[in-house]
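Now for the letters of each chain:
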Amino acid sequence: MTAAVPIAIQGVRKTFSTAGRPETTALESVDLTVGAGEFVSIVGASGCGKTTLLRVLAGLTAPSGGEVRIGDRVVAAPDRSVSLMFQSPTLLPWLRVVDNILLPLKLRGRIGAHERERAGQLLDQVGLADFGDRLPRELSGGMQQRVALCRALIAAPTVLLLDEPFGALDAMTRDQMNLDLHRLWASTSLTTVLITHSISEAVMLSQRVVVMSPRPGRIVDIVDVPLPAERHGELIDSPQFAETAARIRSHFARH
Amino acid sequence: MTAAVPIAIQGVRKTFSTAGRPETTALESVDLTVGAGEFVSIVGASGCGKTTLLRVLAGLTAPSGGEVRIGDRVVAAPDRSVSLMFQSPTLLPWLRVVDNILLPLKLRGRIGAHERERAGQLLDQVGLADFGDRLPRELSGGMQQRVALCRALIAAPTVLLLDEPFGALDAMTRDQMNLDLHRLWASTSLTTVLITHSISEAVMLSQRVVVMSPRPGRIVDIVDVPLPAERHGELIDSPQFAETAARIRSHFARH
Amino acid sequence: GPDGGPAGADGKGGTITFGISTPTMTANFVALAVGKEEGFFADEGLKVDDVFLKDSGTVLQAMAGGKVDIGTPTPDVAFAAMDQGQDVKLIYNWARRPVAAFSVLDTSPITTVRDLAGRTIGVQSISAGTTTLAKASLTQAGVDVNRVKFVEVGLGAPALDALQRGRVDTVVQYDAQSSAQISAGAKLRLISPEGVEDLFATTFVSSSAFLTSNSAAVKGFGRAWSKASVWALANPEAAIRIMWKLYPASKTGDGDKAMQNALAIFKARMDSAVNVDDVTAKKIWGQYDESAVQHWLDFAHQNGITKSSLKTSDVYTNADVPDYNNFDAAAIQKAAAEAK
Amino acid sequence: MTTSAPTAGSTGLPRSGELPTSKPRRSWARAVRRWIPSLVLLALILVAWQFVPGLTKTEEFIFPPLSAVLDRLTTPETLQLYFSNAWVTTYEALIGLGIGLVLGVLTGFLLGTFPAARRAVYPFLVALQALPKVAVAPLFVVWFGFDLTPKVLVVVLLAFFPVLVNTMSGVMSIDQDKVDLFRSNVASRWQMWRHLLFPWSLPGIFAGLEVAAVLALLGAIVGEFVSAREGLGVVLQQQQNTYDTAGVFAVLIILSVIGLLMNLAIRLVRRTALSWSTSEGAEL
Amino acid sequence: MTTSAPTAGSTGLPRSGELPTSKPRRSWARAVRRWIPSLVLLALILVAWQFVPGLTKTEEFIFPPLSAVLDRLTTPETLQLYFSNAWVTTYEALIGLGIGLVLGVLTGFLLGTFPAARRAVYPFLVALQALPKVAVAPLFVVWFGFDLTPKVLVVVLLAFFPVLVNTMSGVMSIDQDKVDLFRSNVASRWQMWRHLLFPWSLPGIFAGLEVAAVLALLGAIVGEFVSAREGLGVVLQQQQNTYDTAGVFAVLIILSVIGLLMNLAIRLVRRTALSWSTSEGAEL
Ligand SMILES: Nc1ncnc2c1ncn2[C@@H]1O[C@H](COP(=O)(O)OP(=O)(O)OP(=O)(O)O)[C@@H](O)[C@H]1O
Ligand SMILES: Nc1ncnc2c1ncn2[C@@H]1O[C@H](COP(=O)(O)OP(=O)(O)OP(=O)(O)O)[C@@H](O)[C@H]1O
Ligand SMILES: [Mg+2]
Ligand SMILES: [Mg+2]
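Chains as they are written, first to last, in my numbering: chain L, 1 to 255; chain C, 256 to 510; chain B, 511 to 850; chain E, 851 to 1134; chain Y, 1135 to 1418.
Mixed in with the good hints, there may be bad ones.
Now the stretches of chain C that chain Y is said to cover, found in silico as 3 or more residues with beta-carbon under 8 Å [stated by the list, open to error]: (1) 332-340; (2) 351-365.
Short, incomplete list of chain E residues facing chain L, as computed with Cβ under 10 Å [claimed, not checked]: (3) A918; (4) D921; (5) T925; (6) K1028; (7) D1030; (8) F1032; (9) W1050; (10) L1052.
Taking lysine to aspartate or glutamate and the EDC-like style, the derived pairs with C-alpha atoms no more than 16 Å apart in a straight line are [claimed, not checked]: (11) B:K564 with Y:E1211; (12) B:K697 with Y:E1364; (13) B:K564 with Y:E1193; (14) B:K755 with B:D616; (15) E:K1028 with L:D99; (16) L:K106 with L:D124; (17) B:K767 with Y:E1211; (18) B:K546 with B:D559; (19) B:K821 with B:D597; (20) B:K645 with B:D808; (21) B:K767 with B:E747; (22) B:K821 with B:D808; (23) C:K361 with C:D379; (24) B:K767 with Y:D1205; (25) E:K907 with B:D597; (26) B:K599 with B:E800; (27) B:K777 with B:E747; (28) B:K821 with B:D838; (29) B:K850 with B:E707; (30) B:K645 with B:D625; (31) B:K755 with Y:E1364; (32) B:K767 with Y:E1364; (33) B:K645 with B:E707; (34) B:K755 with Y:E1211; (35) B:K697 with Y:E1193; (36) B:K599 with B:E747; (37) B:K659 with B:D625; (38) B:K697 with B:D824; (39) B:K844 with B:E747.
What the hints contain is simulated information worked out from the structure, not anything from laboratory work. Just so you know, these numbers come straight off a predicted model, no measurement behind them. Positions of the beta carbon are idealized from the N, C-alpha and C atoms, including for glycine.
Just chain L, same shape as in the assembly (with noise of 0.2 Å):
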């Protein structure tokens, strides 16, 4: 297993600029750093720019200003070490739900037995092991979200950067999911960003918040989970999960 690596996020700006119409600022100046194997969450109000930041961070967009490192590698284009789950599931219509989990594979080089197996291991867990060999549209919503979150993790990244990957999912299986994931990310040198809506979400999995607001969006605060290193759902009412809890939401009630 290949040791986990730290994120550096300088100063990083990102405008969009359309014709006609005044620049877009999505990130004015984030500085942001994740420690090799950190979990770290992003909330912030819709449109506050934390998927912007997650593809500067993939190397998918270039930022207007700024640098991101990604261990001593400057950040200049996407690398197969991070793996990116995407905001949409984003399958591919033509193939079969476990080709769909399998592709970054495919793209890396050859599929074997064994990463069919880790793949049929991988829809079990997300509760669809019957449905490897539907297409994508014979999927609902909440299954498709599933298929992605499975082809995020076939490929064994360093760095996890997971844009919501649990929207569209019941309650019960978001639980359950959560906890997988927490117990994929400790059992394993994984450096993870994760972008989420749910409040207790955030401050049960990871190690620090940051907490974004938008127009322009940068970072007002990140916040320490003062919870010990394994997490399980009686945390949930301990007085420092509901403390962080609420300084992370004070900040949307002030916006």
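We have chain L; now place chains C, B, E and Y with the ligands onto it with these hints.
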């Protein structure tokens, strides 16, 4: 303003069959009555048939068995008095935001200054007043979802069907929009069916909550919400609220 | 014709649609331009509406469809059409000799048709009229057609290229093509087909229905055409300039070169086919020779062009020939000579 | 409003989930029923063809009645002639179509993914296309002789362009999302072509191929018109030269049938290749 | 792994949000820079054209050097001739293209949305397409005379099919989601066409139109070959007949330029019509 209409669902079944695979039973003998002007929420695990049921109500999918009546009309095709907000935003990429919102009116006849003004108001309410002349691809995921909501509301329907309308919104925006939706519903004679993954949202907004369970999709419980007609944020701390939410949650735990 | 034909029921005056079986105006048809410009058609009360069509078949089909009154097919196609039951009559014998010949490089040892034995002959296509003519000529000259190799070289540049590269020993082609190639700088020698000299070529036809209802118009058209031919023969350069004026697209290349080209084509046709001795001697324009028609019919039948045996009396008429020739040739020659 | 449209799915567009719920009928019976409209129309056309020329007193050498044409098509001797020549023409068309398809798809990908290459090369391809093939075919004969090559070249020239344009248009209409998925997996350009752009453009490529197939037939005929020993183009000219209009129509029918068969083959392949797509999977 | 690809966006595909962030440069300067590759290639082709025929000792009547062709194109008298005839041909091509476009789009919508109609009619349209236009054009002359009609008809026959196939393919590839949006709003069939299928199919229709435009030119020439008084087809044949190969090439150049101009016009209209789409908006 037109009078509110009830919805009667009787023995609705829906199976999907694809050559070479066993049939999927998405809905099995679903019976449900939604009173005229009632607000009903549907919760249930991912893939349990919620979207399928909503599509049957909207007349988009013919049931394999059973019947749906809206008012005294047997649903066999879509009707203009029924408005459906899809699970994914489904905006037309070639139309600007405001034209996407106005589309239902355009399909109903002419669009005048009054209608444009109404679209502007709706955009303002969902916090996108400045984004009317953008193209959908310039919006974030949550912004697109809000535009889709505006589009569902603009034609002033008598039946409103919402498929996870707030899934991509942060808690703050979501609370705000919940309140707005409640106010809209209360002030008009609007029969509303809402699919949500948030149990508290379901309890907060609706008069009854329908709990569905998967494989095959069926109704396992219908929970009355013992809260006053007028809803506000504080109710969340009432014992009735907690009780109702717990009862609903119990179905998820069991599954 | 029933539509598009002459308007005058008395047969005097009206419009004649003249269907020409080459796709563009060439010096071959310079008489058409002269007839229009010098008023020979107008003198007969006629307006000529000329249409250039892809080939003889198209002309005859257009005639059957009532879109053409008088056409200029080659006789083989005209006979094939009669064989199919179309109402066609040959009315004006224009090109009285075969207008196709064997072209060889001037360095070639081949000088007679007989020399072609065992050689490779380029033809436009196996089914072209020129191919049939070539075979007939070879047979007449005692050459075994089975010992000759025919190669399809198409028309124009590919044919000339095949000849120059020695892919074929000779090419059978129309006069207009060989003279154009010579004008373009190719060093060619022509060998006329032997034994088939009376197989006349491009000829004027109409339908007997049209002949009956528009007899005067046909007579007038023939006469105007004869007059224009005489005029053009008397002053070819002026005639060609008239053609250029009325058909600007027919002038290709610049000044002198263009005139040389056009004159070469005009002369080739006039010398070899139209202005042959009997015409100049007896001044009889448009007349068919019964024996030549019979030869043609036999030839067509032998080569499978016609299935039934047509009778000469049914296929042509000389009835209007006196009218075609009823004019003062000397006056026209004089007028032509004075033209610039 | 208490009434509703009488029939569901009256838009004629596929209704999601509207797959047949009853047990599948015997498929040949269904296939026959599906083709009834087509067969009825065919019968109508054929009847009209037989009787309209007679009623309008159109002469046989202008527009022969069906029976005269069928006569040609049933005489063993002419049929034999047609068949051997049809094979030659089909062979030329298929080879040229194959080359045009491969060239068109590859060029389409290249020009679709490299904007600079597109700007540099595409105008010349358009200019090349605008040249009348009837005018350039003789040049091919001069350069490449009288055999297969010049005919195949004409076919390639005609078949290439629709495939190119459709591939390019498909490639350029790709979703940003999907491209980003591949970019984030550091897909090579070839992988992007093979696993994303190719399946994505496939509906467009098939559309281009359908157009290319009929153009390939026309190209083969045009090539044969310029110079050829055999092929339907030669037969066609022969029959035009001998004023055998019924024969010309017989050849035209054969060409139509070849065109239809090629189209059918393409649509069959497409049905398999695009089986993942509802709208394509449902129809042939 | 500590290295990364040296350049961002090296796939050549548009990067989302990669719009220029610096101030827009003077646009003519950018336009010139964008076209440099094309101009360089043009220069190379022209130089080769001038010198290769001489070096390979190709005779002028087979392949004239550029100078001979330019000579034709600069003589005022011939130029005048070319221009007036080019206008005739362009006119025929444009009218036929317009009719073919409208027919193709409408038929494409009809056949794309009514599967029964598609099964009934489409095979006959394919069969019709497989008929060589050079062989049917004479029939049009018999039926419609010698004026504009038969030429325009040949153009329509050729231009119609690519538009039809592409429209149909576009219509049939529509997302179920979007159709459902319109169905749930009880859109009439016309509204579905106008507001959904038309904008959706527009990229495909433009692709079909690009193919149709060059075919329209070919069709006009083929039509003129059968019967015409004027037009570039006439000039072309005239010059072929007199072995004026330089003249033939001059006409071919003019045809190429007309084809290019038509293509440019189409792409300009497309750029406006599809401005909502990144990939189309970014390029010409
Ligand atoms: N391609 C684009 N072109 C123009 N503007 C864009 C583009 N992508 C994003 N934006 C703008 O940038 C801002 C941030 O968008 P982003 O998608 O990062 O938001 P987000 O925080 O992910 O929101 P959400 O929670 O709704 O997904 C928004 O105002 C959006 O309109
Ligand atoms: N078009 C289809 N073809 C085949 N199966 C389908 C189709 N649409 C839905 N299904 C199946 O029907 C079941 C119910 O799907 P549905 O979309 O109604 O679920 P849902 O409750 O909305 O789930 P989610 O919360 O994830 O959106 C699923 O098992 C799904 O795979
Ligand atoms: Mg986002
Ligand atoms: Mg759903």
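Inset, instruction - Return the numbers of the hints above that this structure violates; sort them in rising order. - result: Checked against the structure, the hints that fail are numbers 3, 4, 5, 11, 12, 13, 14, 16, 23, 28, 29, 32, 36 and 38, while the rest are satisfied.
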